[in-house]
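Enquirer: Each chain, written out:
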Amino acid sequence: MVTNKIFLNKRGGGEEIISLYLIAMIFVVAGGLAGMVFIFAGSPYDVREIEATLLIDKIADCVSYGGKINESFILNKEIQKTNLDNCHLNFGDEEEEFFYKIIFYEVGDLENSFMEIRGGNLNFESSCEVQDENEFSILPKCVEKSFYSLDNLDNQYIIKILTAVRKIEKNVKK
Amino acid sequence: MFRKGFLKNKKGDANLLWKVLSVLLVLVVLSGFLLFLHSKINGAVVLEQSYSKNIALLIDASTPVMDMKLNMDKAFDLAEKNKIPRDDIVKIKNNTVTVRLSQKGGYSYSFFNDVDVSAYADIYPNKNYIIKINGYK
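Residue numbers (this note's numbering), protein chains in the order written: chain A, 1 to 174; chain B, 1001 to 1137.
Rather than coming from a laboratory, the hints here were simulated on the basis of the structure.
Hints should not be assumed to be uniformly reliable.
To be verified - Taking lysine to aspartate or glutamate and the EDC-like style, the derived pairs with C-alpha atoms no more than 20 Å apart in a straight line are:
| hint | chain 1 | residue 1 | chain 2 | residue 2 |
| --- | --- | --- | --- | --- |
| 1 | B | K1091 | A | E94 |
| 2 | A | K101 | A | E116 |
| 3 | B | K1137 | A | E125 |
| 4 | A | K167 | B | D1067 |
| 5 | B | K1137 | A | D85 |
| 6 | A | K101 | A | D132 |
| 7 | A | K167 | A | E111 |
| 8 | B | K1091 | A | D93 |
| 9 | B | K1091 | B | D1067 |
| 10 | B | K1093 | A | E95 |
| 11 | B | K1132 | B | D1114 |
Chain A extracted, bound-state conformation (with noise of 0.2 Å):
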């Protein structure tokens, strides 16, 4: 005899059980259930990639407006900009958590930028690199763009801009 039956009624050769199984399997899914929405729930939204995305998009802005590029960045190409002061950016005490590489090309020569400029936390570059093929979340977020951009004298320049964002205490699940 089944001894997990807690009610057993047997009428006309029919059997109608409920037995420790359906409440276990009750149990089971609805703490299952919750157990996934816990796990879901307990993890922050991760919108590195968002931020990472913004931050080119605004460096972008400074060092190209219209498709024309800021002549600052190219009037002497032998003296290397350092910082983007005229940039309207201020990441406050979290310095450390961003990072941004910006190369200058000109268009008949891809293989080799004439100018490059780097912020931020410079061993990121490094962690970017890393996650060519696959992202690591514990890893900075890494974001990548290119554009074209003209000169006053219509020179032609390709423009590539790579950003990374780390914040992992605020974007990810420790």
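Using the hints provided, position chain B relative to the given structure of chain A.
Expert: Using the frame of chain A, we list chain B on its own:
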């Protein structure tokens, strides 16, 4: 299907009782689960995080001069329930947005756009917040 005189049938009584109990059990467990789901999705912790990140990203995407009206129905309702004044729900200070919907702390997220920004609640009874980008710092 009701059968004539089924109440007089002891076995039938017990059978019906167990069926009702099993249905009730399922309903109780499912309602418990739905309540849990509701509390998780509409909980202060989740909403605070969601709104503060949303506002920070909106500010990052903005340029001066710009006004943004953000509908925050759920936030206003929860803040009212938790006795948080309308004007204290969103605070912006030093490139950080803090959203508070309960008496426990709140959630902060930073933005990198170097703008002078102010945030204030829309006129009562509207449940919106106005994010005003005044200019670059």
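Enquirer: Next, verify each hint and record whether it holds.
Expert: To see whether the hints hold, each was checked on the structure:
no., hint, in the structure
1, K1091(B) / E94(A), "holds, 19 Å"
2, K101(A) / E116(A), "holds, 7 Å"
3, K1137(B) / E125(A), "violated, 29 Å"
4, K167(A) / D1067(B), "violated, 28 Å"
5, K1137(B) / D85(A), "holds, 12 Å"
6, K101(A) / D132(A), "holds, 16 Å"
7, K167(A) / E111(A), "violated, 33 Å"
8, K1091(B) / D93(A), "holds, 18 Å"
9, K1091(B) / D1067(B), "holds, 16 Å"
10, K1093(B) / E95(A), "holds, 17 Å"
11, K1132(B) / D1114(B), "holds, 13 Å"
In summary, the structure is inconsistent with hints 3, 4, 7 from the numbered list given earlier, while agreeing with the others.
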